[in-house]
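**Student:** Protein chains in written order, with our numbering: chain A, 1 to 553; chain B, 1 to 553.
Hints are computed from structural coordinates only; laboratory data are not their basis. Keep in mind that a hint or two might mislead.
One copy or two, either will do: identical chains are not told apart, so a pair holds if it fits within one copy or between any two.
[As the list claims (entries may be wrong)] For lysine to any residue, the following SDA-like pairs were computed, each having C-alpha atoms within a straight-line distance of at most 25 Å:
#1 Lys151 <-> Pro410
#2 Lys97 <-> Met398
#3 Lys97 <-> Pro410
#4 Lys267 <-> Leu199
2 protein chains.
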Amino acid sequence: MPQWDHRADVVVVGSGGAACAAAAAAVDRGASVVMLEAADTAGGTTRRSGGAYWIPNNSLMRAQGFTDPRADALKLMARLAYPTLYDPDPPRLGLPKLQYDLLAAFYDNASSAIDRLRQLGALDPIILPNYGYSPNPVTDPDYFAELPENKAPYGRVLTAKSPPGSTEFPGLYLSEGMLQHLRSRNVPILLGHRVTDVLRNGRGEVIGVEAEHDGCTRFIRAKRGVVFGSGGFAHDRDKLRSHLRGPIFGSCSVTTSQGAFVDIGGKTGAELGNLSNGFYYQAALEDPAAHEGYVVRPDAHVFFPYGDSTILVNKYGQRVVNEKSPYHVRTQSHFHWRQTEYPNLVQFMIWDQWTANEPTFWPWRGVVPLPGQSSPLVIQAATLEQLAQRISARLDAMRGLRFLSSNIVPNVRLSPDFVSSLRATLQRFNTFAATGVDLDFHRGETPLERAWQGPSRSTTGNRTMYPLSPNGPFYCAILGAATLDTCGGPVIGTNAQVLRPDSTPIPGLYGAGNCIASPTGQAYWGAGGTLGPAITFGFIAGRSAASAALLPD
Amino acid sequence: MPQWDHRADVVVVGSGGAACAAAAAAVDRGASVVMLEAADTAGGTTRRSGGAYWIPNNSLMRAQGFTDPRADALKLMARLAYPTLYDPDPPRLGLPKLQYDLLAAFYDNASSAIDRLRQLGALDPIILPNYGYSPNPVTDPDYFAELPENKAPYGRVLTAKSPPGSTEFPGLYLSEGMLQHLRSRNVPILLGHRVTDVLRNGRGEVIGVEAEHDGCTRFIRAKRGVVFGSGGFAHDRDKLRSHLRGPIFGSCSVTTSQGAFVDIGGKTGAELGNLSNGFYYQAALEDPAAHEGYVVRPDAHVFFPYGDSTILVNKYGQRVVNEKSPYHVRTQSHFHWRQTEYPNLVQFMIWDQWTANEPTFWPWRGVVPLPGQSSPLVIQAATLEQLAQRISARLDAMRGLRFLSSNIVPNVRLSPDFVSSLRATLQRFNTFAATGVDLDFHRGETPLERAWQGPSRSTTGNRTMYPLSPNGPFYCAILGAATLDTCGGPVIGTNAQVLRPDSTPIPGLYGAGNCIASPTGQAYWGAGGTLGPAITFGFIAGRSAASAALLPD
Numbered sequence: 001m002p003q004w005d006h007r008a009d010v011v012v013v014g015s016g017g018a019a020c021a022a023a024a025a026a027v028d029r030g031a032s033v034v035m036l037e038a039a040d041t042a043g044g045t046t047r048r049s050g051g052a053y054w055i056p057n058n059s060l061m062r063a064q065g066f067t068d069p070r071a072d073a074l075k076l077m078a079r080l081a082y083p084t085l086y087d088p089d090p091p092r093l094g095l096p097k098l099q100y101d102l103l104a105a106f107y108d109n110a111s112s113a114i115d116r117l118r119q120l121g122a123l124d125p126i127i128l129p130n131y132g133y134s135p136n137p138v139t140d141p142d143y144f145a146e147l148p149e150n151k152a153p154y155g156r157v158l159t160a161k162s163p164p165g166s167t168e169f170p171g172l173y174l175s176e177g178m179l180q181h182l183r184s185r186n187v188p189i190l191l192g193h194r195v196t197d198v199l200r201n202g203r204g205e206v207i208g209v210e211a212e213h214d215g216c217t218r219f220i221r222a223k224r225g226v227v228f229g230s231g232g233f234a235h236d237r238d239k240l241r242s243h244l245r246g247p248i249f250g251s252c253s254v255t256t257s258q259g260a261f262v263d264i265g266g267k268t269g270a271e272l273g274n275l276s277n278g279f280y281y282q283a284a285l286e287d288p289a290a291h292e293g294y295v296v297r298p299d300a301h302v303f304f305p306y307g308d309s310t311i312l313v314n315k316y317g318q319r320v321v322n323e324k325s326p327y328h329v330r331t332q333s334h335f336h337w338r339q340t341e342y343p344n345l346v347q348f349m350i351w352d353q354w355t356a357n358e359p360t361f362w363p364w365r366g367v368v369p370l371p372g373q374s375s376p377l378v379i380q381a382a383t384l385e386q387l388a389q390r391i392s393a394r395l396d397a398m399r400g401l402r403f404l405s406s407n408i409v410p411n412v413r414l415s416p417d418f419v420s421s422l423r424a425t426l427q428r429f430n431t432f433a434a435t436g437v438d439l440d441f442h443r444g445e446t447p448l449e450r451a452w453q454g455p456s457r458s459t460t461g462n463r464t465m466y467p468l469s470p471n472g473p474f475y476c477a478i479l480g481a482a483t484l485d486t487c488g489g490p491v492i493g494t495n496a497q498v499l500r501p502d503s504t505p506i507p508g509l510y511g512a513g514n515c516i517a518s519p520t521g522q523a524y525w526g527a528g529g530t531l532g533p534a535i536t537f538g539f540i541a542g543r544s545a546a547s548a549a550l551l552p553d
Numbered sequence: 001m002p003q004w005d006h007r008a009d010v011v012v013v014g015s016g017g018a019a020c021a022a023a024a025a026a027v028d029r030g031a032s033v034v035m036l037e038a039a040d041t042a043g044g045t046t047r048r049s050g051g052a053y054w055i056p057n058n059s060l061m062r063a064q065g066f067t068d069p070r071a072d073a074l075k076l077m078a079r080l081a082y083p084t085l086y087d088p089d090p091p092r093l094g095l096p097k098l099q100y101d102l103l104a105a106f107y108d109n110a111s112s113a114i115d116r117l118r119q120l121g122a123l124d125p126i127i128l129p130n131y132g133y134s135p136n137p138v139t140d141p142d143y144f145a146e147l148p149e150n151k152a153p154y155g156r157v158l159t160a161k162s163p164p165g166s167t168e169f170p171g172l173y174l175s176e177g178m179l180q181h182l183r184s185r186n187v188p189i190l191l192g193h194r195v196t197d198v199l200r201n202g203r204g205e206v207i208g209v210e211a212e213h214d215g216c217t218r219f220i221r222a223k224r225g226v227v228f229g230s231g232g233f234a235h236d237r238d239k240l241r242s243h244l245r246g247p248i249f250g251s252c253s254v255t256t257s258q259g260a261f262v263d264i265g266g267k268t269g270a271e272l273g274n275l276s277n278g279f280y281y282q283a284a285l286e287d288p289a290a291h292e293g294y295v296v297r298p299d300a301h302v303f304f305p306y307g308d309s310t311i312l313v314n315k316y317g318q319r320v321v322n323e324k325s326p327y328h329v330r331t332q333s334h335f336h337w338r339q340t341e342y343p344n345l346v347q348f349m350i351w352d353q354w355t356a357n358e359p360t361f362w363p364w365r366g367v368v369p370l371p372g373q374s375s376p377l378v379i380q381a382a383t384l385e386q387l388a389q390r391i392s393a394r395l396d397a398m399r400g401l402r403f404l405s406s407n408i409v410p411n412v413r414l415s416p417d418f419v420s421s422l423r424a425t426l427q428r429f430n431t432f433a434a435t436g437v438d439l440d441f442h443r444g445e446t447p448l449e450r451a452w453q454g455p456s457r458s459t460t461g462n463r464t465m466y467p468l469s470p471n472g473p474f475y476c477a478i479l480g481a482a483t484l485d486t487c488g489g490p491v492i493g494t495n496a497q498v499l500r501p502d503s504t505p506i507p508g509l510y511g512a513g514n515c516i517a518s519p520t521g522q523a524y525w526g527a528g529g530t531l532g533p534a535i536t537f538g539f540i541a542g543r544s545a546a547s548a549a550l551l552p553d
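Use the sequences and the hints to build the structure in full.
**Tutor:** Right, dumping it as structure tokens:
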């Protein structure tokens with residue numbers, strides 16, 4: 001065995017939501033903890049996030065009188081996570097045992113984990129507020145409030161408190177709160193420590209890690225277990241190309257999300273799972289174009305295209321998706337393969353002068369600047385012909401730049417009939433807007449879409465649609481698929497211990513968050529659909545590792 | 001080290017096309033070889049295949065005067081394999097170095113590998129014949145003959161000779177020919193030997209394998225190397241659900257395709273790649289319904305929906321894809337995600353009495369019985385209303401049955417407006433058929449589609465479309481996505497040696513065929529798009545292993 005540079009009962013890899021929850025839970029059980037963070041700043045992607053966490057049956061919602069029955073919650077989660085296996089009738093809902101058990105473990109532990117972290121002072125949650133257009137006075141609707149399995153369409157989304165007037169994403173405060181708690185418990189958070197491998201004793205148990213720090217190799221002893229909460233592979237081009245369901249241009253995940261745990265877990269004998277899935281959203285491409293795929297500017301995140309008349313079209317000038325559907329869903333329209341191409345690989349978000357002039361500060365305004373502000377991500381043109389010319393020039397300017405598993409390839413060009421097709425598309429959309437019924441894509445049929453539309457001129461009852469002015473000027477942003485992060489990696493059991501293909505656990509090895517095969521399957525259940533499970537399973541992992549027997553050298 | 005039960009210079013795992021080519025190449029280099037086959041029959045999926053192999057610039061095509069320039073062939077392969085990276089201008093066409101080098105290695109070795117195997121007597125190829133409707137007298141068009149990068153649209157597809165009058169798929173003869181050659185060289189082919197792990201010496205080099213045989217563990221020493229040609233994970237439900245791009249009901253792959261090399265290679269430290277991809281086709285679901293996802297009946301394979309008026313619709317009664325596009329392409333329409341479901345998860349192939357009466361024996365007749373024959377896969381009805389009722393009854397009968405990563409889940413039901421929508425769909429299709437122009441899906445615009453249409457009544461110049469009779473009877477088969485096999489696993493280098501994430505090779509470990517990260521990326525370049533690369537890289541693997549230095553115990 002090497003000379004150990006550090007020793008602790010539990011070694012936690014990473015410092016985002018999953019890692020912090022693991023460290024807090026382990027300390028809470030009396031364990032000594034050391035955290036290793038690859039970056040020079042603690043907080044991981046959580047620090048850059050919206051700060052929401054989706055927690056079924058949480059105590060804050062119950063205090064408001066909301067209920068969230070277990071059987072229905074499990075059905076909702078199963079349906080969205082494993083839609084081609086879900087069946088409401090059999091005891092395990094059509095799922096394999098492990099996948100069902102992980103959903104049940106999430107429901108059964110999520111609320112108590114949050115409550116304990118709150119008691120400890122690591123979290124200070126509020127229910128996501130009503131932003132002004134919700135049918136419910138307390139809070140906005142769940143993303144899939146419309147599904148019959150959803151018996152708790154309000155109250156599952158908790159979020160961090162932001163200081164009044166802050167324009168930062170609340171994830172900053174979520175992250176700082178957890179880190180502050182750990183610092184108060186004297187947990188060392190070693191920055192610039194990139195974990196490169198685990199170390200095992202003669203029995204094959206994981207008893208520590210090897211990390212690179214400042215050009216040197218460091219060895220850190222874990223007396224009871226190692227918990228990985230090290231992020232996905234959002235910035236590893238090879239893994240994205242090899243594993244993901246579709247082509248990806250960008251990610252808002254921190255650039256240390258390089259898939260370390262896929263490699264380390266894999267060679268330690270872990271089964272790998274859920275590798276094809278990520279948590280998706282759309283990004284305005286000229287920002288990640290400047291950073292090799294890293295989405296940096298807050299306004300480059302297109303969570304919900306702003307504006308009642310705003311539409312998305314592909315290079316053929318055709319609408320291809322319900323523009324108001326949740327970002328994780330909508331973004332999968334980029335993945336559609338037809339003949340010899342991805343026809344929707346790049347999409348064009350188009351809005352009119354009314355939307356540009358609309359003065360509301362709104363959380364999902366995104367790429368649409370407030371009146372009087374300008375943005376390098378926005379193309380402006382007097383006519384559709386001029387818009388097409390300017391889009392083409394912007395596409396040409398991005399050619400040859402490096403994104404992630406997708407670039408602006410030669411066939412990403414506006415089709416020759418783009419303008420005439422777009423004109424026909426606008427006419428058809430405007431007809432739908434006039435009646436409030438989108439015959440093609442069912443825009444505005446769910447509670448979420450109507451609430452997160454924000455301001456609207458519509459009087460049809462469908463707040464999400466209003467005719468787009470056929471006269472210029474027109475505005476456009478060029479969008480591509482991006483990830484919050486990926487969510488595949490080593491498979492865990494219900495105690496967050498990593499499993500081998502034969503379902504036996506690897507002693508000493510735990511994981512949670514985006515670095516493991518997420519219990520969420522292919523779903524993103526709602527706002528906080530990544531952090532809710534990450535914090536919950538991080539908490540379980542830290543508690544499990546802290547309670548494990550001492551592992552000999 | 002264990003007591004070795006068998007010893008050879010090269011141990012080959014599997015007995016399909018990749019494995020046989022590896023064994024033949026190793027023997028050709030003077031190595032002793034032992035082959036291990038998990039099943040009780042040798043031949044793997046190759047034995048069940050169409051027997052074609054796609055070989056660019058092969059000597060048979062050159063003998064016919066066809067040319068296949070290297071630069072263009074690499075462009076075609078790169079474009080289809082990595083469509084979101086492909087760029088014709090940079091030296092490596094926009095691809096990562098390894099992916100480019102593997103395509104180049106394929107082009108550079110494929111023809112000579114086939115020539116050598118032919119000289120040895122292991123292969124006896126012919127150019128795929130002209131089935132009667134090709135513009136070229138010698139042979140039918142390549143699947144992507146229409147692409148500007150395709151400078152060799154005729155001649156790349158070789159196939160095995162079948163005895164006159166045989167109704168077996170030619171893969172039987174391809175497989176038997178290779179196995180017969182190996183038997184003539186006294187290569188032991190140990191049946192019922194399921195390899196469960198590799199064995200390594202103190203230096204970490206792979207020096208043998210562990211196999212389960214008849215309830216006992218056997219140890220087989222490989223003095224120079226182990227070559228895996230053991231098939232993909234087409235029948236492993238967990239891996240399909242976790243890794244694949246879309247939901248899969250069935251596979252024609254042999255049921256031993258359980259992804260052994262993903263697990264074994266992974267824990268040996270291999271990088272895993274291309275896990276999200278498979279080679280796709282459509283299967284008539286009532287056959288795999290009876291065999292837990294295994295597609296058994298030859299007529300359950302829907303490579304090209306037969307009939308000039310035949311259409312495919314989804315549960316909403318809508319066409320969703322060009323019915324005549326290549327199976328690998330067309331099948332990806334099943335993977336389209338919209339809102340909270342896969343709207344095209346199950347599709348309905350509908351034909352009329354003319355097609356039912358059409359008397360031609362045609363290789364792609366598939367699920368349409370010859371006149372006078374009947375099939376349990378076919379639903380017949382006098383009217384569209386009756387057809388909808390009978391489809392619904394068949395769907396109900398398949399509920400609760402186990403397929404692969406997809407089942408007939410509760411939302412797979414005909415929509416209430418299926419009949420009226422289908423009627424409108426037929427009218428629109430018939431309008432297109434009358435003019436020969438499919439404004440929605442561009443059916444019949446490529447040379448392949450026109451040639452493999454088979455018989456046609458059309459006089460518009462578009463052989464693939466003729467109006468479907470609006471009067472009954474109607475016929476229908478229920479289709480879902482299936483795989484020939486998956487094509488992800490350990491990453492190999494250009495000498496077919498398995499690589500670690502840091503790109504160093506794992507000494508003694510080689511792979512080829514569907515068990516590795518296929519150099520084909522997401523493409524299926526044409527008929528034989530799996531066996532062409534499998535045989536070529538199998539040959540390279542066998543040659544590399546046979547030439548490697550002796551590995552100590």
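**Student:** Taking each numbered hint in turn, which are not upheld by the structure, reported in ascending numerical order?
**Tutor:** none
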